[in-house]
Amino acid sequence: MSRKSFTGMLVIAAASATALAACGQAGQSDGSGDGGGGDGGTTELTMWTHSAGNPAELEVYEQIISDFNESQDEYEVVMESFPQGAYNDAVVAGAAAGDLPCLLDMDGPIVPNWAWAGYIQPLGLDTAITDALLPTAVGRYQDEIYSAGYWDAALSVFARQSVLEENGIRVPTVDEPWTRDEFDAALVTLQGAGYATPLDIGAEDTGEWWPYAYSPMLQSAGGDLIDRDSFLTADGALNGPEAVEFFEWFQSLFERGLASDAGTIGNEEFNNDEVALSYTGVWNAMGSLDAVGDDLLILPPPDFGEGPKIGGASWQWGISADCSAADGAREYLEFSFQPEYIAQFADRQVVIPATAEAEELSEMFGEGDPLQPFVELSQEFALERPPTPAYPVISSVFERAAKDIMNGADVQSTLDQAVTEIDTNIESNDGYGF
Amino acid sequence: MTVPAQQITPHSLPDDDAPSLRTRRRARSAREGHRSAYWMVTPATILLVLFLIVPVLLAFGLSFTNARLISPNPPRFVGLDNFVRAFTADPTFVRSLVNTFVFAAVVVPLQSALALFMAILVNQKLRGVTWFRVIFFVPVVTSIVVISVLWDFMYQRDGLVNSILDTLTFGAVQGTNWLGNTDTALGSIIVLSIWQAVGFHMIIWLSGLQTIPEELYEAARMDGASAWQQFTSVTWPGLRSTMVFILVTITIQALGLFVQIDVMTQGGPLDSTTTLVYHAVQQGYRRQETGYGAAISLIFFVIVLVVALIQRWLTRDKD
Amino acid sequence: MSAPTSSGGPDTAAADTLTRRATERDRSEREAGQRRRRRLVVGYVPMVLLALFFLFPLVFMFVSSLKPDAQILSDVDSPQAFLPTGDISLDNYTGVFERVPVARFILNSVLVTTLIVGLGLVVNSMAGFALSRLEWRGRKVLLTVIIATLIVPFETIAIPMVYWVSKLPTLVFENGVPMYDFGWLNSYHVQIVPFIANAFSIFLFTQYFSTIPKSIDEAARIDGAGWFTIYRRIIVPLSGPAFATVAILTFLPAWNQYLWPLMVVQQEDLRPVMVGMQYFFQINPAWGEVMAYTSLITVPVLVMFLAFQRAFVSSIASSGVKG
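Chains as they are written, first to last, in the numbering used here: chain V, 1 to 434; chain F, 1 to 319; chain A, 1 to 323.
Worth flagging that the hints you see were computed from the coordinates, not collected in a lab. A couple of the hints might just be wrong.
[As the list claims (entries may be wrong)] Pairwise CB distance ranges (calculated):
| # | chain 1 | residue 1 | chain 2 | residue 2 | range |
| --- | --- | --- | --- | --- | --- |
| 1 | V | 232 | F | 88 | 49 to 57 Å |
| 2 | V | 62 | F | 305 | 38 to 46 Å |
| 3 | F | 42 | A | 170 | 39 to 47 Å |
| 4 | A | 49 | F | 102 | 22 to 30 Å |
| 5 | V | 168 | F | 88 | 54 to 62 Å |
| 6 | A | 97 | V | 324 | 50 to 58 Å |
| 7 | F | 169 | A | 38 | 37 to 45 Å |
| 8 | A | 38 | F | 42 | 54 to 62 Å |
Using N, Cα and C, we set each Cβ at its ideal position, and we do this for glycine too.
Assemble the whole structure, with the sequences as input and the hints as a guide.
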């Protein structure tokens, strides 16, 4: 290639970059999205979602946004979507650069951290709206509401009725769930019946799934991630005798081959009848219903002593602290909490709608609909993860400790080390305001 | 039989400095050289200062504070606390240090030897040899993120690697969950890392091989040297400077191991695959302890620098 | 080795000699043939085995991209993993296009990559020229500093870097009037400018340029040429292989950028290809689409490599990379 043509190519590339950047900015006079006033009368509100790559969810947002933009001419909402795996990184980078949008969604347990850091402001929505929501669909920090969501998710145990009956295993109910010993015995029986690994517990997954899925079990056993009275130490909660006993059982599941971390993420193994029981979320229910039909049972998680527990709080919406058009953001959010929209989110993504009204509109979660059991499970057993700014650190420490235990580490010393790490972190952050 | 170990440099011609006549001209040209040199290095220098030196200095500064990624509290100066903590109160840091060295100690010799073997293979005068060069190089041009996702999938207990092993050995070898087993996780990552990068170093060795003149081999053959003797007396001495280059680049690359860990194992199981760079990112970003993460990075820089200097000293030109 | 010469006496019949020579030639040809075959076996067998080792994951990737998720999982314990059998379709590819703006991402990556490589060649080769062919104060120090920066892995400085680029001034046009604003996030230039200067490229140029005899410069100086002219008219045209090598080596990381754009680019319109990978890891990963997308973004690079491989291999070879 001659140098001349190469220079030419560079010039063309640079020119097209400028042109493309201009197109990218088109219709977005103020990309920073802090709601800076436009002189044409409409104020732009940028919103970030974690939903890139999830067309079903994006479609509902696009519908809400276009309805809202048409319903008034003071504000114009513009959406920017990020892939979930990269979303928190993008928000943290945006905050470091002082460049957060007015509206942003966030995973429930991280709300206190972002509130404490000053990323988001108190939500200030009409209380009629927030009061009607499932309690776990509302994010609080220090008794102040910072976020609200359209839905919640719930975990349960999937099973086939025929398989339980063949093996003489009692079908548990919400009032009378399996005890730990019953659950354990059922797994042993199923292993004897030819299921090489009877339970898909989801251990091949990583990240937030670990505290989401397994810390409710720990709570059901009488332990916890942190002492919820003071929020200043994990000592006694994460490494007390109840916690140790639970984790010894957890470890033995893997030692005895009752569960494994070698599967594939998702519910394929259950749908193909390679495992008998699957500890998984509502989002996999439609797939299993298609595969299994009427034989599918949606069972409450086992009771480890303190009653079954299910992790609550999913993705919720908040308003950034620097938003200069917070009133517009509130107006949009209040507009968006209409039952039809909430029902659409629920049905498109197979998650539990956050209001009773939307439940009835839903084709999956209403009275007599196939996934109605999840609503009951969520109402009865949902417990939020500890609402403390230390949560991201707790989550990361918990994941590592639980994985180490799964892989055979000594339970007591692993939990003690985890407590030390959490407490050191809380201390070095001056108690995170508690 | 001895063949002089010549240093061959491509295009190298004697630099015919004519001494006396041009001295004055040279002095002037040197002054101009100064000026031209300064403005020719300026763009690169400014960019490197802005986008490498400044962030590195920022990171160094942070390492003496308790800076948080997310916090309403301003950072405090904490002296050497972070460094003390790393060596005395953080077992994962020590494991990261050990794993990083183990990884480098295995990968550096294995990868450079395999690369040399492959380079000799594709330096044969055989029909279709170019195709093999291309095939061996294909993993290099594939993104390491893509490769990590792909191998993560293949390393599962019911994955492709185990089914291949099973077929090849007629069921004699029962595979494990490669990345979930403390005995095999680091080894599995070593295999995939070599698989990905070895093609690049093969090409570098090949370039070295092709600068060795054919006459040296002919002379050796005339003296009746065997293939192995030709290798030890002609090929290897001729590859000396290439060897130094390969050693340095593989070492730096190996010590910086990160993406594979982040995508595939997140340092587990039981810290068996955690590395320094991974631990620095984990602490500084995911656990939000920016100051501590920066301190680990600083320790990492010092270690790499020391290793590089030792290598430089071991492979220095003795003449 | 040549066949032993016939040692027949002067009286030997000519025909006899011919026959014997013919047999000997036959035998030596047979031996040579055997040697050739042995050489071919010794030469090809390891290469073929290695080729299988290097190709199997990628064949698996391409083949899997044509299968539904359930079949990918069930095929892995049989040779079918490598065969396009069963339920073959382009569904995954259609799915990819519905989920990700593929064309836009590829376009963005092409632009970013072209500019990093192109501007990098100019900036780094000029630096390499000054460092290798000119004598000036500070040369040694700068060269040492540049080589020392090779050891900095990007991940460890990413966070301070985000903070830093968000404070840099940028030129904006408001109604056609140029003005300054602060913050480089969310743009093309934040993906390009930090990666133009590259210590490794400077190092390679310095090495290569120093192998070109300095007498050429002297001659040009006598003819009145300035240093920039020498660089542009003499050294650059002589250094094709070095430019090709640096172009390829800077192309790969630029195309594969992942962590950095994740952190600094918020608008979907500006994202490069590798970020698109994340789109397929929802609650349950869509493996078929992951394979289809990775195939899609790997193919352009492979095609380019195939097209240029000859020039590429010989350019690295002749750029004489040295320590």
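The hints, checked one at a time:
| no. | hint | result |
| --- | --- | --- |
| 1 | 232(V) with 88(F): 49 to 57 Å | violated (24 Å) |
| 2 | 62(V) with 305(F): 38 to 46 Å | violated (52 Å) |
| 3 | 42(F) with 170(A): 39 to 47 Å | violated (21 Å) |
| 4 | 49(A) with 102(F): 22 to 30 Å | holds (28 Å) |
| 5 | 168(V) with 88(F): 54 to 62 Å | holds (56 Å) |
| 6 | 97(A) with 324(V): 50 to 58 Å | violated (38 Å) |
| 7 | 169(F) with 38(A): 37 to 45 Å | violated (28 Å) |
| 8 | 38(A) with 42(F): 54 to 62 Å | holds (60 Å) |
In summary, the numbered hints that this structure violates are 1, 2, 3, 6 and 7.
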